[in-house]
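J.: Both chains are sitting in their own frames, so use the hints and assemble them into the complex.
Residue numbers (our numbering), protein chains in the order written: chain A, 1 to 498; chain B, 499 to 836.
Think of the hints as simulated: they come from the structure by calculation, not from any bench. One should not assume that every hint holds.
[To be verified] Here are the simulated lysine-lysine pairs, DSS-like style, with alpha carbons at most 25 Å apart: (1) A:Lys-331 to A:Lys-367; (2) B:Lys-714 to A:Lys-114; (3) B:Lys-742 to B:Lys-633; (4) A:Lys-238 to A:Lys-390; (5) B:Lys-690 to A:Lys-114; (6) A:Lys-203 to A:Lys-390.
[Stated by the list, open to error] Sample of chain B residues with no beta-carbon within 10 Å of chain A, all distances over it, derived: (7) Phe-532; (8) Thr-692; (9) Gly-703.
[Claimed, not checked] A few chain A residues facing chain B, derived, Cβ under 7 Å: (10) Ser-107; (11) Lys-114; (12) Leu-115; (13) Val-147; (14) Ser-360; (15) Leu-361; (16) Asp-362.
Since this is a predicted model, take the numbers as computed values, not measurements. Glycine included, each C-beta is placed from N, C-alpha and C at the ideal position.
For reference, the chains in residue letters:
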Amino acid sequence: MSVEPVLQVRDIVKVYGGVRALGGVSLSLAPGEVHCLAGENGSGKSTLIKVICGVERPDSGEIVVGGGEPLTHTTPSEAIRAGIQVIYQDFSLFPNLTAAENIAYLSELAARHKLSSRRRIRAAAEAVVADLGLRIDLDADVADLSVADRQLIAICRALVGEARVLIMDEPTTALTSAEVQRLFTIVERLQERGVAIMFVSHKLDEVLQISQHVTVLRNGLVVESGPAAEYTGQRIAKAMIGRDVSQERHVDPVEPDADVLLAVDGLGRDGAFSDVSFELRRGEILGITGLLGSGRAEIAEAIFGVHPAEEGTIAVGGRPATISSITEAMKAGIGYVPEDRLTQGLFLENPIAENIVAASLDSYRGKGRLLDRRRIADSISALFEQLRIKAPNPQAPVRSLSGGNAQRVVIAKWLDRNPTVLLLNGPTVGVDVGSKEEIFTILRRLAAHGTGIIVISDDIPELVASCHRVLIVRAGRLVAELVGDEIEVAEIQQRMAG
Amino acid sequence: MNALKRLRGANNEGILLAVIIVLVIAMAMASPAFFTPSTFFSLVRSSMVPLVFALGVLLVMVSGGIDVSFAAIAIFAAYSAIAWSSGSGIDPGLFGAFLIALVIGALLGGLNGVVIARFRLPTLIVTLGTQGVFKGILLTYIGSRYISAGNLPPSVLAAGDAYLVNIPGAGYLHAMMVPVVLVTIGVWWMLKYTVFGRGIYAIGGDVEAARRVGIKVVRTQVLLYMMVGALAAFGGIIYVILGKNANPQSLVGSELDIIAAVVLGGASIFGGRGSVLGTVLGVLLVQLINNNLVLVGIPSTWQRAAVGILLLAGVGIQALATVRASSRSTAIHEETVA
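Looking at chain B on its own, in the form it has when it is part of the complex (with noise of 0.2 Å):
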């Protein structure tokens, strides 16, 4: 039972991993051109932007909120710092590409923390807001032109051509990976290890508890916005890096396929709980299937019910777990009668 418990997950991780060995399988199965070398990397490769969007969604949620602005800050932030580098013909290197997205993603966080924890609103609403202005101010003022691969700093442009493993033929490993783990398994850290990450959670738990026990919850909402900003930007510069161009009009429309995969990941809607290893596996999975339908013979047009329909499993889970929790505290409960 205890095995059986621990095999399962804190926030149904287990579940999840089945689920996905059980689908790599039956794609196995149904299509020879699945169980490939290319395959895999271009699943690693199609998840690595998700991933880092995910975390900060993962974030939020875990406070007890949900973000749908950062898709928005992260093309502003990336674009903004491609569109100047360009504009005056001056190459940050790679680092300071990062650096300049990061400060101004931080920023436009901030002001959704700011909001969101001051005037104590509703994060959707917040976010649903700041997302369309965030969205305004970048095609009104910044640029609302195309960037191609030949106008991106060199820096980023060589950086989309470096390679961790390469086996031509079959695919290759991008370098942008080493930091995509490395912020992943900072995250991870931060939310398990440090005060400040279990403050997260217990602001998730209950807001009003955690402001009697001392917690400055303005503060901490502030700075988690600005973290999450700051990795829609980290997030918002990869893509632009791996797709070697940058278009202020992509990414806003991406949002709900990565809050999908956080709940299908564990993370609670309602707040307090989440894990790294179930968004990472919630990532996977969504991906999994928006790649790899079509190779087994489904149309693509059913790409969208497909996550539509799993993240109604998802949740469904989450609900029932609930229910089975309380049914099992009343047995204790009788035990310690008897």
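The following block holds chain A by itself, in its conformation from the complex (with noise of 0.2 Å):
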């Protein structure tokens, strides 16, 4: 291939506080080419971004756009001037702004305009919803749009701009398969204009789907690149963690006559979700799916007395509970991990010790109605163990965490309880494939120790991995149930769509 290609990253270091995260790096992208880049949290891939849309300076290294002149003083205008966009995984939006505003502010911004104008913004962000052929409502705050939207207005503000090189930042994990679908035409639509695209995601099969060429980064060094021809899921998978991966069915055996953990009868709540009911027995994982928006979370949140139900019935561990709130759902023994961890469910500025006891600190009173300072080290340290959270030491705060170690420290906060039932939203989501076998095992284990498990998550391949039966919610109603074999991804999928 002679084209020059559009973004040249060569031998990229990168060193924070002694630790090395980027080793070297080199990559280049050839316009109108998808270029996948894999990696497990923690492998270099976000400072990798970081660094070549400016966020991050290298130690040394550099970054040469379109051929042009090494980027110099690399800082996210620069960056974004020579044309390189980037779609964080948290989207970066402001909330306090309307959509229209989110996707054309930035252009406003590169064009040195002084003054904003109304009627400028608007249509230029009509414009791009229009090429996209999406429905947004640019009116709205972003803090009043669902995250889908919020993410579809996080792709428009990248395009907004004349953008050469798009990264993209786990895109698709909030993403309905008929969004990814859509998500694909729109990158398959930028290709042909010449675009570079750098698309990081977890979920290999679709990097398949969409690349050109596969770059693996491992503990900040690239170990394989080539044509995405020659990969498969498992090639990829075993290349980021160094050893091979199952997504086999495994599920342990549960004796028919367990304890019911939880049985829910008939719950509903208006508008929401209605006449759900199913029952946990012990030792059980159970899955729990639907399509984004069919009441899947809100069964959970039910549960956990976030919102709570107005009708039916809840029974823990055979006692009958009044979920009205999470205090009480907690006191009756349930366990809740939030889809969102970041914001819902961890305080991101403490170290990871006091994440662990936050939701538990009630049972550490000792006499005197103090906290019992060992026993507290104690129990932190054995889960800090257990669930082998990679850090290093129980005091750096959650926020250096990786996704999937984050998600471990959510876990062990709940396990502290002893919960007699643990539900979990999307425990996998923006977690890599290592981690994701890791928390699935754990949960294996959990499940095995007599805590019931619900999986709530969307991630059939895992639901299919792991789970003794599978909840299929489609409108705010439990429409299927599966058991044994008839857990299989294409049954799940086509329930869920009906």
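T.: So, in structure tokens, the structure goes:
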């Protein structure tokens, strides 16, 4: 290929406080190429993205766009002017501004306008939205929009300027499969225009569907790089973690007469879901799935008292429980790992240790109602070990952890309360293959030790790999219960869509 | 529903206006002395300086900070300009006095901005610190002497008696209202129609996201605090003109009423939200209470409590609106499902 690469990354080294995040990474993107960047959390992917888009300055090495001069004082605005756009995993949108402004403010900034024209912003935003064939309420504040809409807005924002290189960091996590397909259509259209796309995703089958080139990072180094045609999901996964991974179905048998840990009967909340009944037995991992917005998350939130149900009954461990608040749910023995762990499940700036005991401080009261420091320290180190949280020590702030490790901290927090039932909403969203597998290993072990586990997820392969039973939610109702051999990817997908 | 929403305003300005109207009606019923031109004129007069300060506080609050140093900057800048003039005997003229004060204010504000933006320190702590420093320097090095009307520069003294409208027996509208109104419109225009102004909202919404889209956060913040310092100085000089004296001990201590007015006006203490219209209404409401509670027979000792209660109510409405908004967004979500 003699085509001049549109982006060249040469020998980037970045060291954070003695830890080498990137140890000399080089890669290049040709125009119109979709380049997949794969790697576990902590492999250096995020750091590389930050360096390319000018948020972090590399210790050595250079970034060249379109055969020009290397970017020097790399700042975000310099990278943006050079044509590098990033769609961040957390979207990085302004919740207080309207969708239109979020999309088009950047172009006002880039064009160095002094005055901001509402009409111009509106027109620019409308053009992008129409170009992508989307329907978004441009006048709504982003804070009022759903996660999927926010993601679309982030995409629109990146495309409003003349992007030559588009970096997508986990763009599909919050999208349903229909929306993912639409995103891919958009990606193909961009390709035709000669935009080079760096696609970062944990969903390897998606990656292979769309990309032409694959680069795998491990521990800050490029371990493999080559045309996507030579790769299978299995091979990428192996390169990422350095060993084989299995996504084979693996469930431990459950005694048919095991205790019922959770019995839900006729649960309903107006406008969200109705007539939801199911049981969860000791040792069981129960999957609940459905499309985004089907009500799967709302059911979990009702059981945990976030938005309590209006009708129906819940019994935990054989005792009826009135759950009208989170406190009551916790008292009844229910734990909940929320979907958006970063904002709902963790105190990001606080140490791992404090996060682990945050939900269970009450149980550490000793004599005179003071906290028993020693006992706290003991259980923290036990959980730290048990869940194999990768961090220098339990005093590190949670913000410094990768997605998979942050998720373990949330799980640890609930384990410390010894819940009868643990609900996990999207436990592997934004978590890489290796950590995914380990998280499910942890869940299987918990189930074997008698905790009832409910996993709410739209990652169907992982449900197939680990669940004893899978319930399917459509438009607020349980439409199917799959058991044993019925649990298959195709079957679930079909039932979800209806 | 939509018409109702528009009436309520993006930051509950409509509710605020309704509260003011209800209050005015109640006061008018309670006291015949209330509903007179003189009450109106004195309300306008007493609102001018707080409004200028409130605009500065609004800008900082929209950017996600809180500023308690504006009163110290205001009196520092105004007193320095006047003291220099009366000490040297040079009358810089009205514009000259404004100019000197604005430059001093911008410099002090810029200092706030540099410390806040460069070192990413919490704005409340920084401005709490600098307000002490500014006041200390003023009293130690510039002067602690009260400058009476006779020692004011003649041009400044003369401006104190310039009226726009003067109805003998009823009251007057002061000529300084013109620059105050112009500045208010200027701030409104800047926040709404300039890339810089929208950038302030963006920074208040999410600083990290602002950095990522290439907003020069440090530069924007430094400029913003310079502007806020200049606004404070502007308010300080008007304060001197209206009061016809310059007292280095004054103004500091009045911060809370101003901040309360801005919060009542719908500005979010978490940043990213707030409007000039709301701020104007908030200032009017607080001044209405401060000026007239006595008139309707409520002891003046209740003034502080009344402002405090209003502040709590204002923040309460904000919090309720947030809760409502979040439940609304799930409702929208459900509709798309069905």
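J.: None of the hints should be skipped; say for each whether it holds.
T.: Right, here's what the structure says about each hint:
1. Pair hint Lys-331 (chain A) plus Lys-367 (chain A) holds up; C-alpha atoms about 22 Å apart against a cutoff of 25 Å.
2. A C-alpha spacing of about 14 Å is found between Lys-714 (chain B) and Lys-114 (chain A), which places the hinted pair at or below 25 Å, so the restraint holds.
3. Only pairs whose Cα atoms come within 25 Å are accepted, and Lys-742 (chain B) paired with Lys-633 (chain B) is accepted, the gap being roughly 21 Å.
4. Only pairs whose Cα atoms come within 25 Å are accepted, and Lys-238 (chain A) paired with Lys-390 (chain A) is accepted, the gap being roughly 20 Å.
5. Simply put, Lys-690 (chain B) and Lys-114 (chain A) have alpha-carbon atoms about 12 Å apart, close enough for the 25 Å limit, and the pair holds.
6. For a cut-off of 25 Å, the pair hint linking Lys-203 (chain A) to Lys-390 (chain A) stands: about 22 Å separates their Cα positions.
7. No Cβ of chain A approaches the Cβ of Phe-532 (chain B) within 10 Å, the least distance being about 38 Å, so the stated non-interface status holds.
8. Residue-level check failed: Thr-692 (chain B) sits 6 Å from the nearest beta carbon of chain A, not beyond 10 Å.
9. For Gly-703 (chain B), the non-interface assignment is contradicted: its Cβ lies about 4 Å from the closest Cβ of chain A, within the 10 Å cut-off.
10. Interface restraint check: Ser-107 (chain A) against chain B, minimum CB-CB distance 10 Å, threshold 7 Å, status violated.
11. Taking 7 Å as the C-beta contact cut-off toward chain B, the hint placing Lys-114 (chain A) at the interface holds, the least distance being around 6 Å.
12. Against a cut-off of 7 Å between C-beta atoms, the interface hint on Leu-115 (chain A) holds, since the closest Cβ of chain B lies about 6 Å away.
13. Annotation: interface hint on Val-147 (chain A) violated; nearest CB of chain B at approximately 9 Å, more than 7 Å.
14. Of the supplied interface hints, the one on Ser-360 (chain A) is violated, with its beta-carbon coming no nearer than about 27 Å to a beta-carbon of chain B, more than 7 Å.
15. For the restraint placing Leu-361 (chain A) at the interface with chain B, the shortest Cβ-Cβ distance is roughly 26 Å, beyond the 7 Å limit, so the hint is violated.
16. Among the interface hints, the one on Asp-362 (chain A) is violated; its C-beta lies about 27 Å from the nearest C-beta in chain B, farther than the 7 Å criterion.
In summary, the structure is inconsistent with hints 8, 9, 10, 13, 14, 15, 16 from the numbered list given earlier, while agreeing with the others.
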